[in-house]
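Just so you know, the protein sequences line up as chains A and B, in that order. The first sequence: position 102 = 102 (the working numbering), numbered continuously. The second sequence: position 229 = 1229 (the working numbering), numbered continuously.
Think of the hints as simulated: they come from the structure by calculation, not from any bench. For glycine and all other residues, C-beta sits at the position ideal for the given N, C-alpha and C. There could be a bad hint or two in this list.
[Stated by the list, open to error] Derived list of chain B stretches under chain A, where covered just means 3 residues or more per stretch with a C-beta under 8 Å from a C-beta of chain A:
no., region
1, 1222-1236
2, 1241-1254
[To be verified] Here are some chain A residues pointing at chain B (derived, C-beta under 10 Å):
no., residue
3, T87
4, L94
5, E105
6, Q145
7, R162
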Amino acid sequence: MEPLLKGTNLVKRYGKVTALDHCDFDLYPGEILAVIGDNGAGKSTLIKAISGAVVPDEGEIRLEGRPVRFSSPIEARAAGIETVYQTLAMSPALSIADNMFMGRELRAPGIMGSVFRKLDRPRMEKFAREKLNELGLMTIQNINQAVETLSGGQRQGVAVARAAAFGSKVVILDEPTAALGVKESRRVLELIRDVRARGIPIILISHNMPHVFEVADRIHIHRLGRRLCVIKPGEHSMSDAVAYMTGAKVPDGVVEQA
Amino acid sequence: MTDAKTASSFEEGLKGASEKVAEFHEDKSALKRVQHWLHQTPSAVPLIVLMVALAVFGILAENFFKAGTLTVILQQIAIVGILGCAQTIVILTAGIDLSVGAIAVFSSVLMGQATFRYGVPAELAIAIGLVLGTAMGAVNGLLIAKMKLPPFIATLGTWQILLSANFIFSANETIRSSDIAAQAPALQFWGGSIQPGGVKILYAVFLMIALVAIMAYVLRSTAWGRHVYATGDDPQAAELAGVPTSKVIIQVYALAGFFCAIAGWVMIGRFGSVSPTASTGQLGNIQSITAVVIGGISLFGGRGSIMGMFFGALIVGVFEMGLRLVGTDPQWTFFLIGVLIIFAVAVDQWIRKVAS
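Required output: the full structure, derived from the provided sequences and hints.
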């Protein structure tokens, strides 16, 4: 099977620091790929390179076999790659519907839309309500309520729903459960599975090993700016994974370069 | 294996716990409900204050509720109301524009001097003034969005620069009202009026109401309006969500400059003459910020409505007129406006706590 998203030989340097050191990356259709790594291993740079927030110095990214080069998150979004940032990137005072459509608003049909630039509120609200319902966020009653009146889990849910609604190719989730309680984390993990069930592959960045081992199909272990190995959660234990990513243990068949 | 909903072992403890995930707890307390209502309709507070002020002055001053009195109030706030439109969009982006009055006065001087010194036809002179006013606003926007200067400092600088440039360029000359009426009546257009039933209503009043209505529509019902709110609310989040925040900020300050230039044109109509020493140059910023703040628009950006600013300007006008009719010391006006400003900011802080 061909990877849907493939990074080859990616290099990113910040001055004398090499954050990405000839790194490879593969995401296959329909899978949940977890990316784990110690702090400073360069996993956020890798994710930024894929989501368009950083332009790699060298290397190539291919989406469905075609080379792509994103110079901003907006370009990556246009190509169907949606990112849920750790900060969620939502405007607290604006409504759920406004936030879901921020930067890609729908305009009313006819002259009201083309000349007077009127938003198509009913259509945006209907769409937002449908997407939240699809992901089982039924407890949100009023689509026009300000995001800041939602709980942490609900906000995360809205952000995931936004990404799932527009991310036609890939959804990237950066630490989606880091700020959540046990019950809310569970709900977000279910959301992640729901998104995959709809055929969209997911890149999950997380430090939470139980969550990673529970939902991931494959685990990309990042170390010293490159991919150390990819493991399957069924074949390795959590302590193996932690040992690999911290360098305490070297996986079979991998020669670690000094 | 991953399809099995095998919860991690530590989650065993969840068994028997409520299945509800982060549901709403509808708070029944009346105060909470008021807080939520105000959160959604931020212009309600100034509207209530306005109604109370109207009622109180209606009782205290017997000739307050005359059509003549009310139209004079509208006439008095026409310029502040237009400057307030400029200040509103700027403050919604969490900025501030101290140069609004200076741009207005300088634009009016440019319109007047273009006509009288350079012999440009009045209509073209007006267009030049509007374009240059917009350009002055755009400079503010560039300083803030591109050079990342704090809005307060950037516009504190341009305020002084524009006001002094205005004095130097005009050589402190006033163009007399009678000359303008004779040679360039278009400059005084907004001072014209209709008089239904003997009550004089200036065109300037209709212009102000039209601008407020247009901006209310733009801010509420267009994508650009939503982007203005998002930029003020959380610029990083807006940027990541795909809002070109730098562009929005430059556009906002340029549009504010355009509104100020319109206010400058209206000033010629209101005062008759073109004067570089018009008090708007020094006080326009404070008056417009007062209207915005009393109108319940948050100085921290992203919250409030332009209708609130309109009510805020009306409150100031009603206080001035009402207290004059009652016959008190005019200083009470400023005393009460000061109290209102503090009240409005306190209410804003309280409404913001709705999230917690």
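Structure-based check of each hint:
1. With 10 residues having a Cβ less than 8 Å from any Cβ of chain A, the region 1222-1236 of chain B passes the three-residue criterion, so the hint holds.
2. Interface restraint, the region 1241-1254 of chain B with chain A: holds (3 residues with C-beta to C-beta distance below 8 Å; minimum three).
3. Taken as an interface hint, T87/A checks out: its beta carbon lies about 7 Å from the nearest beta carbon of chain B, inside 10 Å.
4. For the restraint placing L94/A at the interface with chain B, the shortest Cβ-Cβ distance is roughly 6 Å, inside the 10 Å limit, so the hint holds.
5. Interface hint status for E105/A: upheld, as the beta-carbon distance to the closest one in chain B is roughly 4 Å, under 10 Å.
6. Below 10 Å, beta-carbon pairs count as interface contacts, and Q145/A has one with chain B at about 8 Å; its hint therefore holds.
7. Checking R162/A against chain B by beta carbon gives a least distance of about 9 Å; that is within 10 Å, so the hint holds.
Against the hints set out earlier in the document, no violation occurs for any number.
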